[in-house]
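These protein sequences, in sequence, are chains Z and X. Just so we're aligned: the first sequence equals residues 17 to 205 in the numbering used here. Just so we're aligned: the second sequence equals residues 37 to 197 in the numbering used here.
Hints were generated in silico from the structure; no laboratory data involved. Computed from a prediction, not measured in an experiment: that's the story for all the values here. Worth double-checking, as some hints may not be accurate.
Covered stretches of chain Z, as calculated for chain X (at least 3 residues, CB under 8 Å) [claimed, not checked]:
| no. | stretch |
| --- | --- |
| 1 | 50-60 |
| 2 | 98-108 |
| 3 | 111-125 |
| 4 | 157-171 |
Using N, Cα and C, we set each Cβ at its ideal position, and we do this for glycine too.
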Amino acid sequence: MAVWFNSEWPWYVAGPIIGLFVPALLIVGNKVFGISSSLSHLCSAVAPGKIEYFRYDWRRAGLWNLVFVAGVLAGGFLASHIGSQHAVAVSEQTRITLGRWGIHDFSGLAPREVFTWHALLTLRGVISIVLGGFLVGFGTAYAAGCTSGHAISGLANLQIPSLIAVTGFFAGGLAASWFILPWLIGDLR
Amino acid sequence: MSTTLGQFQGCGAEDIGEPEMKSVLLPVYLVLGILFGVVLTRSEVLSWFRIQEMFHFQSFRMYGIIGSAVVTAALSLALLKRLKLKSLSGEAISVSPKTLGSGLRYLAGGTIFGLGWALTGACPGPLVALIGAGVTVMSVGLLSALLGTWVYGWVRPRLPH
Numbered sequence: 017m018a019v020w021f022n023s024e025w026p027w028y029v030a031g032p033i034i035g036l037f038v039p040a041l042l043i044v045g046n047k048v049f050g051i052s053s054s055l056s057h058l059c060s061a062v063a064p065g066k067i068e069y070f071r072y073d074w075r076r077a078g079l080w081n082l083v084f085v086a087g088v089l090a091g092g093f094l095a096s097h098i099g100s101q102h103a104v105a106v107s108e109q110t111r112i113t114l115g116r117w118g119i120h121d122f123s124g125l126a127p128r129e130v131f132t133w134h135a136l137l138t139l140r141g142v143i144s145i146v147l148g149g150f151l152v153g154f155g156t157a158y159a160a161g162c163t164s165g166h167a168i169s170g171l172a173n174l175q176i177p178s179l180i181a182v183t184g185f186f187a188g189g190l191a192a193s194w195f196i197l198p199w200l201i202g203d204l205r
Numbered sequence: 037m038s039t040t041l042g043q044f045q046g047c048g049a050e051d052i053g054e055p056e057m058k059s060v061l062l063p064v065y066l067v068l069g070i071l072f073g074v075v076l077t078r079s080e081v082l083s084w085f086r087i088q089e090m091f092h093f094q095s096f097r098m099y100g101i102i103g104s105a106v107v108t109a110a111l112s113l114a115l116l117k118r119l120k121l122k123s124l125s126g127e128a129i130s131v132s133p134k135t136l137g138s139g140l141r142y143l144a145g146g147t148i149f150g151l152g153w154a155l156t157g158a159c160p161g162p163l164v165a166l167i168g169a170g171v172t173v174m175s176v177g178l179l180s181a182l183l184g185t186w187v188y189g190w191v192r193p194r195l196p197h
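Pulled out of the complex, with its shape left as it was, chain Z reads as follows:
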């Protein structure tokens, strides 16, 4: 057991385990694995307003999903408190690339130069966290799914809409990672 919590899992262990959440959720309750719909369910529960999109029985459609996501929060807490914690062992090339942007603290899960309460008030913090978060929420609702719903559940079910969505994921991700972030974080230099 301890070995599971003392180093990062290799890809060929992590990937298949993630994939098994698809049949697990189907077997338990005929649920399709996906995280982003929980954002809609929460909007529907908290502030549906007069918006047609949020006018549905969120308990019936999404309570399971919200409970699952609450578990994800607890799982993140558990995993970061059990076993040894160590820096993310990214490739040397990545360290060089990020170093050019001005990122030098590799000790956390995300760079402390950007993802701290202190850095939240900088331009790079606002764009990375506030704008980035907004785009995640808007984009996943528009595309009707995120990495779990489209890239894993959808592709596994051989769905064309998911293939289109995943193409978009990578187009947007490449644009942000190659052209926006170097400029944005470059102010650290």
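Go by the hints and put chain X onto chain Z.
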């Protein structure tokens, strides 16, 4: 096989009623969610560093994880379809395909999400797991994501799909 998986069916589904039957399963979803949070953290897929590494093609790792997850899920789905199983909640297992339409919503929405994915270094699952893992400033990112979804619902009638 279908009888063991559908064991809740045999104990009077009509008497129990659907909502109660589902709430019986809520602890199972909680446990699965906890496991998923642990996997996201221990596999490091929630790390901003791993996301940038992936988008710069500097490691096979993320592609290996996503690829083997898709293959595992696809094989499991094929098996489930062939076995024609019932779920624990008593329903016939099925994945209803998303409607394609013009496909524009998937490309446009997908690209917008992709921008956010690289900027935050996190998709929705990791966004939540990171808060648990101690990157508490991500709670602002999560609130922004909720606002983003809300704004989508608001402008949806005027967006091309």
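Going down the list of hints, with the structure as the test:
1. With 7 residues bearing a CB less than 8 Å from a CB of chain X, the stretch 50-60 of chain Z meets the requirement of three and the coverage assertion stands.
2. Closer than 8 Å: that is the beta-carbon criterion, and the stretch 98-108 of chain Z has 3 residues meeting it against chain X, so the requirement of 3 holds.
3. Counting residues of the stretch 111-125 of chain Z whose C-beta lies closer than 8 Å to any C-beta of chain X gives 5; at least three are required, and the coverage claim holds.
4. Judged by the Cβ-Cβ criterion of 8 Å, the stretch 157-171 of chain Z is covered by chain X as claimed, because 14 of its residues qualify and three suffice.
The structure fails none of the hints (numbered hints given earlier).
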